[in-house]
Amino acid sequence: MKPKFFLMIALFAAIISCRKTPDTSELSLEQVVATDRDLAANFSNYSTYFISDTVSVVANNQNDSILTGPLAAQLVNAVKTNMNSRGYTFKPRAQGLPDLGLRLTVIKDITRTAVCGGWWDGWWGYYPPWYWGCYYCGGYYYPWCTSYTYTIGTSTLYLFDIKNQGNNHNLRALWGATAFGVFSTTNNQTNADLTTTAINQAFTQSTYLKK
Amino acid sequence: MKKLIILIFIYAACVGSLNAQNKTNPWHLDNFMTFNWQIATPISTNYLKETSVAGGNFEYRRFIKPNMSVGIGFSWNSFKQYIPPRVYEKPDGSRQLYTDFVHHVYTLPMYLNAHYYLTGGEKLKPYVGIGLGAQYSEQEAYYNIFVSEVDNWGFVARPEAGLLYKLSNYLGLHANVGFNYATNKNEEFKIDNLKHVYYGIGIYWNSY
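Protein chains in written order, with our numbering: chain A, 1 to 211; chain B, 1 to 208.
It is worth saying that the hints were derived from the structure and are not from the lab. Computed from a predicted structure; not experimentally measured. Backbone N, C-alpha and C define an ideal beta-carbon position, used for all residues, glycine too. Some hints could be false.
[Said to hold, decoys possible] Calculated pairs, BS3-like style, for lysine-lysine (alpha carbon to alpha carbon, straight line, at most 30 Å):
no., chain 1, residue 1, chain 2, residue 2
1, B, Lys195, B, Lys90
2, B, Lys123, B, Lys65
3, B, Lys190, A, Lys211
4, A, Lys163, A, Lys80
5, A, Lys163, B, Lys90
6, B, Lys49, B, Lys166
7, B, Lys185, B, Lys65
8, B, Lys49, B, Lys190
9, A, Lys210, B, Lys90
10, A, Lys91, A, Lys210
11, B, Lys80, B, Lys195
12, B, Lys90, A, Lys80
[Stated by the list, open to error] Computed, partial: chain B to chain A, Cβ under 7 Å:
no., residue
13, Gln81
14, Ile83
15, Arg86
[Said to hold, decoys possible] Negatives, chain A to chain B, calculated, CB over 10 Å:
no., residue
16, Glu26
17, Ala34
18, Tyr46
19, Phe50
20, Ala59
21, Gly69
22, Leu71
23, Gln74
24, Asn84
25, Arg86
Could you build the full structure based on these sequences and the hints that come with them?
Right under this line is the structure:
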């Protein structure tokens with residue numbers, strides 16, 4: 001009786017310890033968007049704004065520090081469209097200081113990692129070896145490893161108070177948006193589209209940001 | 001919750017009284033094990049509400065009297081729910097967050113149990129019981145390609161009622177319904193406790 005009993009317990013313990021990570025395929029790949037505001041700010045006190053037509057870039061490639069061209073224009077125009085719809089007017093630099101200044105930055109962080117598994121990883125039969133591209137492992141009992149690359153994209157958009165800057169030119173941030181999530185490693189148009197959607201969402205959830 | 005407990009006792013009393021006329025006792029239960037597939041529905045939590053079919057239960061019971069057993073048991077349940085995208089806002093309005101989530105809760109109650117068996121009939125034997133012990137749990141929130149996870153321990157209490165159906169002196173079918181209350185707390189996800197109703201169906205194995 002006792003050996004059978006302990007065998008049963010061991011079997012059951014093995015089953016429950018091999019629990020599977022839940023299916024997350026339903027999750028959207030849209031960026032997570034967080035916005036912060038200065039509660040003391042009265043956004044209706046401002047009329048004009050300025051944003052550069054280039055976008056700051058932080059990436060593994062040190063030569064990529066500024067994004068220009070159509071992709072930058074797509075992002076900057078998204079900001080302008082939203083600001084204009086909220087009652088603010090774009091003021092070119094040549095016409096003097098605006099009331100508000102916006103700065104858009106994109107951070108692209110490429111990460112490489114490796115996953116190793118084996119017969120102990122997950123339910124037996126649930127993750128067949130070929131699931132991860134291992135066609136010749138020959139069974140479930142050999143440990144195997146695979147590496148993959150993923151890219152995290154983070155975009156920040158900050159709104160500064162130019163109108164009330166101090167004598168030492170300290171600028172107060174009145175509003176900030178941070179968007180983050182998975183980026184395409186190779187397709188920058190996809191990344192620009194994800195960021196554009198995130199910019200629009202940042203304004204959508206900031207209903208207080210209006211003239 | 002109160003309704004569930006009342007229902008459990010009414011059910012047990014009714015089944016027991018229906019068979020109370022049977023004076024013979026063909027049951028010889030001694031060392032007793034149950035293996036159940038368990039369906040569970042979380043209650044009173046805003047974190048997730050979807051019924052889960054990913055669960056199981058194992059119990060060992062030793063009869064100390066013809067109608068009473070004590071033993072040990074453990075269960076596992078894996079709850080999951082997709083939360084569509086929406087904006088979450090701090091109460092003071094200073095911060096907003098937009099995303100969708102997959103909420104996941106894994107529970108692993110481990111407990112000592114005691115059961116009281118009603119007279120029953122030749123084939124059927126109802127029982128009521130309770131399990132008291134500890135529950136390990138993991139709570140996870142998946143979003144985009146990220147995850148926030150917390151694990152904790154809590155006290156667990158599991159009142160239940162069940163029914164045995166004898167196929168032979170050694171083997172039979174088993175069904176039960178119960179309530180799992182655990183004090184696992186997670187301030188980050190605003191979980192004060194973890195509660196679920198479970199429905200189990202499986203087999204029992206008796207050795208004497």
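Going through the hints against the structure:
1. Lys195/B to Lys90/B: Measuring from Cα to Cα gives roughly 27 Å; hence the hint holds.
2. Lys123/B to Lys65/B: Between lysine 123/B and lysine 65/B the Cα gap is close to 19 Å, so the pair holds against 30 Å.
3. Lys190/B to Lys211/A: violated, 36 Å
4. Lys163/A to Lys80/A: holds, 19 Å
5. Lys163/A to Lys90/B: The given pair, whose Cα atoms are some 28 Å apart, holds under the 30 Å limit.
6. Lys49/B to Lys166/B: violated, 35 Å
7. Lys185/B to Lys65/B: With Cα atoms ~38 Å apart, lysine 185/B and lysine 65/B exceed 30 Å; violated.
8. Lys49/B to Lys190/B: Given pair lysine 49/B, lysine 190/B holds - Cα atoms ~14 Å apart, limit 30 Å.
9. Lys210/A to Lys90/B: holds, 20 Å
10. Lys91/A to Lys210/A: holds, 16 Å
11. Lys80/B to Lys195/B: holds, 14 Å
12. Lys90/B to Lys80/A: holds, 27 Å
13. Gln81: At 10 Å from the nearest chain A Cβ, glutamine 81/B fails the 7 Å test, so the hint is violated.
14. Ile83: The hint is violated - isoleucine 83/B has no Cβ within 7 Å of chain A, the shortest such distance being about 10 Å.
15. Arg86: violated, 10 Å
16. Glu26: violated, 4 Å
17. Ala34: Non-interface label on alanine 34/A violated, nearest chain B Cβ at 5 Å vs cutoff 10 Å.
18. Tyr46: The assertion about tyrosine 46/A holds, with a minimum of 19 Å to chain B.
19. Phe50: holds, 25 Å
20. Ala59: Since the minimum Cβ distance to chain B is about 18 Å, alanine 59/A lies beyond 10 Å and the statement holds.
21. Gly69: holds, 27 Å
22. Leu71: Given a closest Cβ separation of 21 Å, the condition holds.
23. Gln74: Given a closest Cβ separation of 20 Å, the condition holds.
24. Asn84: Fine: 21 Å to the nearest Cβ keeps asparagine 84/A off the interface.
25. Arg86: The claim stands: arginine 86/A keeps its Cβ more than 10 Å from every Cβ of chain B (closest is about 16 Å).
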